[in-house]
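If you read the protein sequences in the order shown, they are chains A and B. Per this note's numbering, the first sequence runs over residues 312 to 550. Per this note's numbering, the second sequence runs over residues 8 to 239.
The set of hints was computed from the structure by calculation and includes no laboratory data. Do not rely on the hints blindly, as some may be mistaken.
Said to hold, decoys possible - With a Cα cut of at most 25 angstroms, we get these calculated DMTMM-like pairs of lysine to aspartate or glutamate:
hint: 1; chain 1: A; residue 1: LYS405; chain 2: B; residue 2: ASP95
hint: 2; chain 1: B; residue 1: LYS214; chain 2: B; residue 2: GLU33
hint: 3; chain 1: B; residue 1: LYS21; chain 2: B; residue 2: GLU163
hint: 4; chain 1: B; residue 1: LYS21; chain 2: A; residue 2: GLU549
hint: 5; chain 1: A; residue 1: LYS405; chain 2: A; residue 2: GLU549
hint: 6; chain 1: A; residue 1: LYS405; chain 2: A; residue 2: ASP488
hint: 7; chain 1: A; residue 1: LYS456; chain 2: A; residue 2: ASP521
hint: 8; chain 1: B; residue 1: LYS13; chain 2: B; residue 2: GLU33
hint: 9; chain 1: B; residue 1: LYS13; chain 2: B; residue 2: ASP74
hint: 10; chain 1: B; residue 1: LYS13; chain 2: B; residue 2: ASP64
hint: 11; chain 1: B; residue 1: LYS214; chain 2: A; residue 2: GLU549
hint: 12; chain 1: B; residue 1: LYS13; chain 2: A; residue 2: GLU549
hint: 13; chain 1: A; residue 1: LYS405; chain 2: A; residue 2: GLU350
hint: 14; chain 1: B; residue 1: LYS21; chain 2: A; residue 2: ASP411
hint: 15; chain 1: A; residue 1: LYS405; chain 2: B; residue 2: GLU99
hint: 16; chain 1: A; residue 1: LYS405; chain 2: B; residue 2: GLU163
hint: 17; chain 1: B; residue 1: LYS13; chain 2: B; residue 2: ASP157
hint: 18; chain 1: A; residue 1: LYS405; chain 2: A; residue 2: ASP419
hint: 19; chain 1: B; residue 1: LYS13; chain 2: B; residue 2: GLU35
hint: 20; chain 1: A; residue 1: LYS405; chain 2: B; residue 2: ASP133
These figures come from a predicted structure and were not determined experimentally.
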Amino acid sequence: MDKPIVRNEVSAFSSIRSFSSAVWAVVWKDLSAELRSRELISAMLVFALLVILIFNFALELDAKTRGTVTAGVLWVTFAFAGTLGLNRSMAMEKDRGCLDGLLLTPVDRSAIYFGKAIGNLFFMLLVEAIVLPVYSVLYSTNLFKPGLLLVILLGSIGYVAVGTLLSAMAVQTRTRDILLPILLFPLVVPVMIAAVKSSSAFLEGGAMADIWPWLNLLIVYDVIFTAVAFMVFDYVVEE
Amino acid sequence: MIQVRKLVKRFGLKTVLNGLNFQVGEGEFVALLGPNGAGKTTFLRILASLSRPSLGDLYVAGYRLPDQAAAVRRRLGVVSHLPLLYGDLTAEENLIFYARMYGMSSAGRRIQEVLELVGLAARRRDLVRTFSRGMQQRLAIGRAVLHDPDVMLFDEPHTGLDQDACIMLDTVLREVAARGRTVVMTSHDLARVAGLASRYDVLSRGKIAASVQSSEIEPDQLLAFYRRSLGS
Numbered sequence: 312m313d314k315p316i317v318r319n320e321v322s323a324f325s326s327i328r329s330f331s332s333a334v335w336a337v338v339w340k341d342l343s344a345e346l347r348s349r350e351l352i353s354a355m356l357v358f359a360l361l362v363i364l365i366f367n368f369a370l371e372l373d374a375k376t377r378g379t380v381t382a383g384v385l386w387v388t389f390a391f392a393g394t395l396g397l398n399r400s401m402a403m404e405k406d407r408g409c410l411d412g413l414l415l416t417p418v419d420r421s422a423i424y425f426g427k428a429i430g431n432l433f434f435m436l437l438v439e440a441i442v443l444p445v446y447s448v449l450y451s452t453n454l455f456k457p458g459l460l461l462v463i464l465l466g467s468i469g470y471v472a473v474g475t476l477l478s479a480m481a482v483q484t485r486t487r488d489i490l491l492p493i494l495l496f497p498l499v500v501p502v503m504i505a506a507v508k509s510s511s512a513f514l515e516g517g518a519m520a521d522i523w524p525w526l527n528l529l530i531v532y533d534v535i536f537t538a539v540a541f542m543v544f545d546y547v548v549e550e
Numbered sequence: 008m009i010q011v012r013k014l015v016k017r018f019g020l021k022t023v024l025n026g027l028n029f030q031v032g033e034g035e036f037v038a039l040l041g042p043n044g045a046g047k048t049t050f051l052r053i054l055a056s057l058s059r060p061s062l063g064d065l066y067v068a069g070y071r072l073p074d075q076a077a078a079v080r081r082r083l084g085v086v087s088h089l090p091l092l093y094g095d096l097t098a099e100e101n102l103i104f105y106a107r108m109y110g111m112s113s114a115g116r117r118i119q120e121v122l123e124l125v126g127l128a129a130r131r132r133d134l135v136r137t138f139s140r141g142m143q144q145r146l147a148i149g150r151a152v153l154h155d156p157d158v159m160l161f162d163e164p165h166t167g168l169d170q171d172a173c174i175m176l177d178t179v180l181r182e183v184a185a186r187g188r189t190v191v192m193t194s195h196d197l198a199r200v201a202g203l204a205s206r207y208d209v210l211s212r213g214k215i216a217a218s219v220q221s222s223e224i225e226p227d228q229l230l231a232f233y234r235r236s237l238g239s
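This is chain B alone, in the form it adopts within the complex (with noise of 0.2 angstroms):
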């Protein structure tokens, strides 16, 4: 579902993304680990069409990047630590809004799923900016899954939030999972990552330094690894 050769990114002189090679399957819940500056949220944006990569080859859903980037974002649903939403409008006007920009007509019955999905159907008519943190979270969890994306890209979606919005986000992050959807997350709270994905990634100086399947490790065992592959 995403594959990425040879990926390089620079910013003037300095090179945060190094050849990094990256590939992720159908279904898949990769979680992508590295410390503050490693590039995941560059590595993100780019795979987000954000942002334009220095050389590489990448593919998404089936999509070169950054040829055939509106193809991409139309299967690409993305949550990061900002809400991306607006706090003047209601969170129902928040998805009609999202929903007339990505062509989807008559969306009155997808709008009700997705609030009920992400527990906010009784505050529909409420403004965004009244809500919690934890709550702008979830809505934007439902912005991101609006239009029934193939590829879900979350950057640090638990940044901000207390533990108990981060059990809740937990929660609808395996139900998104659980759907089907190609999944890449970013985080450096290896804590909160441990059983949720299917794979764990450490990036580490612009490339992928490890790489270990869930099943082939005890969630224990995760920091262990994740600092055996920073050579810390």
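With the rest of the complex left out, here is chain A (with noise of 0.2 angstroms):
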């Protein structure tokens, strides 16, 4: 057998500006599919919107102990509701085998990440943006603190950039739906205690220099596993 002519090749999909249209291609193609279904929004808004309903009955609370306990429920409202969408948006890549599909595509696997990341900030954003109201008349506090929105913004971003690459990890088995939580929630467990302090303190009117060490660690950890994913990603979604 003659031995093969090997070429190298600059590829023109290693540069800046390919890189970042393979995201916003598999962000378009995420936003749009969603609006037509409107399966991964409408479950994870009706799961949170009934957390916080079932909240405001159990808890007969009275206005100061409402200011301890809010951003404890608000956490767990998104992170539960996060899940879901963060499963149902892998789970839709691998139904159709439409995975395979985006990895055989010539763009750098990360690409992809980025994209399936995105795209589940902004759910979960969206998702937030009508919890944070709703949450705010039926227990009668004011959230829209600049400061707790900044919380929820670093706090999202940190679940889910370890969300979409385990539930890319998750969805790989047939146990995905109870996979993922298992994974998930010991490693957002910085996030999750960095959020509820920090939101906790703006919601109390806590000082900054007390803040601050929280809001630090949140945005460690976002660079930190945004860092990890962009780099394990390509491993994890091989065989």
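Take each chain as given, in its own frame, and dock them per the hints.
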């Protein structure tokens, strides 16, 4: 057998422009599909609203106690609703073999990760944007504070960065629905603690000196886990 | 166009491909036959860079796998028994999405050509989930040829199709092959592949057990050849 000619090619897809084009193609695809089906958003939203409604009846609280539990109730709601969304988002890729379709394209596979993560973040923020005013009315609490909104954004980024990576891992297994929360929740404990502590501090009017360490933890977590996911996604999705 | 030497693939302790050698020239249409569990799909997934080989040398379109996987993927079209299409997007939107992923700029004209090739131009704005299995498979072929690949891999493309859909799929397959593309198709349905391929290879126990050119064998002798190759 003759030795084949090995070509060396300078890939146009290595450029930032091609990378971002692939990222936005995945985001566009996810948003377009969801706009039609509304499966993911409706499941997340109904679940989130039910959770805060149940808490509202379960916890008959005075105004002072309400302030202390708000952060916990909010983040429990976001975390569980987020898991539903992450599972559904990746299951959509797996069900018709679409994940293989994505992996067969000549793009850097981390572009697929970022596309999926941005889509997931969008859905999570959308649900949060609807949950916050409903919660404000039910619990007579003003949640529209810039500091709290910043914490919600940072916490959601960290949650989605890890969640998208783990959902790509879990979707390859038969027990994907139960595996994702088992893998995800231990890893997002630092995000949850930091998010609850800093949210609580913003709601109770705590000093910035007390809040900064938690915000720093959130920022560092977001950067580290986004970088880790960028590096390992290729191995996670390959057989 | 495809060269494979001493390919080994193991899943844990199980060896699925055991020193497989395989070669396909430019423009050839090879039918890879074998019983269920012979390793046909595993082999095609390795050629498609969806799975890593345990050992062996692989070259597709002049590029080495898995080191130059992105370059291989740019020259490869894959059709499996799953459509690899999004049900909540229209036929056209699915092709637009894949055109973007392949870095094709101003792909509108090419998408129109492909939809006409697979006979779905009139249904371009319909959601894929409303399509029959046969129509989805035709669109899947459209997706696979969209970026004009040199090499096409078909993994059991007739699975789940009714008779009419199979005949229509065969017509599309012939058109794809007639355009000079190199084609490798796996199947365990001998009647289906007889007359389509230019060469028949039989995969058994992780190796190519036998190979014959279609010019050297009559279609009605294919079953006997296949059984002889498997030693049954």
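Okay, the hints, checked on the actual structure:
For the hint linking LYS405(A) to ASP95(B), the alpha-carbon distance of about 14 angstroms falls within 25 angstroms, and the restraint holds. For the hint pairing LYS214(B) with GLU33(B), the CA-to-CA distance comes to about 22 angstroms; that is within 25 angstroms, so the pair holds. Between LYS21(B) and GLU163(B) the CA atoms are separated by roughly 23 angstroms; this keeps the pair inside 25 angstroms, and the hint holds. Pair hint LYS21(B) plus GLU549(A) holds up; C-alpha atoms about 19 angstroms apart against a cutoff of 25 angstroms.
With a CA separation close to 13 angstroms, the supplied pair LYS405(A) and GLU549(A) stays within the 25 angstroms bound. A C-alpha spacing of about 13 angstroms is found between LYS405(A) and ASP488(A), which places the hinted pair at or below 25 angstroms, so the restraint holds. This hinted pair checks out: LYS456(A) and ASP521(A) have alpha carbons roughly 17 angstroms apart, not beyond 25 angstroms. The straight-line distance between the Cα atoms of LYS13(B) and GLU33(B) is roughly 21 angstroms, inside the 25 angstroms bound, and the hint therefore holds.
Under the criterion of a C-alpha separation no larger than 25 angstroms, the hint pairing LYS13(B) with ASP74(B) is consistent with the structure, at around 17 angstroms. With a C-alpha separation of about 7 angstroms, the suggested pairing of LYS13(B) with ASP64(B) holds against the 25 angstroms cut-off. Proximity of LYS214(B) to GLU549(A) is assessed by CA-CA distance (about 24 angstroms); at most 25 angstroms being required, the pair is judged to hold. A distance of roughly 22 angstroms separates the Cα atoms of LYS13(B) and GLU549(A); the hinted pair therefore holds under the 25 angstroms criterion.
With a CA separation close to 16 angstroms, the supplied pair LYS405(A) and GLU350(A) stays within the 25 angstroms bound. A threshold of 25 angstroms between alpha carbons decides the hint, and for LYS21(B) with ASP411(A) the separation of about 23 angstroms falls inside it, so the pair holds. Between LYS405(A) and GLU99(B), the direct Cα distance comes to roughly 21 angstroms. Compliance with the 25 angstroms bound is thereby established for this hinted pair. Taking the CA atoms of LYS405(A) and GLU163(B), the gap is near 19 angstroms; set against the 25 angstroms cutoff, the hint holds.
Under the criterion of a C-alpha separation no larger than 25 angstroms, the hint pairing LYS13(B) with ASP157(B) is consistent with the structure, at around 24 angstroms. For the proposed pair LYS405(A) and ASP419(A), the alpha carbon gap of about 19 angstroms is at most 25 angstroms, so the pair holds. For the proposed pair LYS13(B) and GLU35(B), the alpha carbon gap of about 21 angstroms is at most 25 angstroms, so the pair holds. Between LYS405(A) and ASP133(B) the alpha-carbon distance is near 22 angstroms, which keeps this suggested pair within the 25 angstroms criterion.
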